[in-house]
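A.B. asks: So in this note's numbering, the last spot in the sequence shown is 70, and the numbers never skip.
Bear in mind the hints are in silico, worked out from the structure with no lab data behind them.
Check before you lean on any hint, since a few could be wrong.
Label-pair distances were calculated between CB atoms; the ranges are [claimed, not checked]:
{"no.": "1", "residue 1": "Gly49", "residue 2": "Ser69", "range": "15 to 21 Å"}
{"no.": "2", "residue 1": "Ser26", "residue 2": "Leu66", "range": "18 to 24 Å"}
{"no.": "3", "residue 1": "Arg8", "residue 2": "Met54", "range": "27 to 33 Å"}
{"no.": "4", "residue 1": "Arg65", "residue 2": "Cys25", "range": "16 to 22 Å"}
{"no.": "5", "residue 1": "Ser69", "residue 2": "Asn37", "range": "17 to 23 Å"}
{"no.": "6", "residue 1": "Leu70", "residue 2": "Ala34", "range": "26 to 32 Å"}
Remember, predicted model here, so these are calculated numbers, not experimental data.
C-beta atoms are modelled at their ideal positions from N, C-alpha and C, and glycine is treated no differently.
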Amino acid sequence: MSVHRNARCRGPYGGEGDHAGGTDCSDPAVFEVARHNLPPLLVCPVHLGPALLMANGVLWPPEIRLIGSL
């Protein structure tokens with residue numbers, strides 16, 4: 001869990017680079033959501049649900065790992 005200690009939420013869409021719209025949440029990431037052919041998406045508790053429904057490449061059933069404390 002210490003690897004992502006300073007990670008920030010990238011939810012709910014998980015855009016990368018120029019496509020990072022909607023990733024302005026400054027809360028610490030608590031969950032890591034696995035995605036197909038994309039890096040894992042780090043999200044806070046508020047954006048976990050929306051990320052599972054709207055982010056690109058989310059696996060189904062979802063693979064979610066706890067990376068921080070609530």
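A.B. asks: Confirm or reject each hint.
C.D. replies: Comparing the hints with the structure gives:
1. Gly49 x Ser69: 15 to 21 Å: This hint holds: roughly 19 Å between Cβ atoms.
2. Ser26 x Leu66: 18 to 24 Å: 20 Å Cβ-Cβ, so the 18 to 24 Å window holds.
3. Arg8 x Met54: 27 to 33 Å: 18 Å Cβ-Cβ, so the 27 to 33 Å window is violated.
4. Arg65 x Cys25: 16 to 22 Å: Holds, since Arg65 and Cys25 (Cβ atoms, about 19 Å apart) stay within the stated range.
5. Ser69 x Asn37: 17 to 23 Å: Violated: the Cβ-Cβ distance is about 30 Å, outside 17 to 23 Å.
6. Leu70 x Ala34: 26 to 32 Å: At 20 Å between Cβs, range violated.
The structure does not agree with the numbered hints 3, 5, 6 stated previously, though it agrees with the rest.
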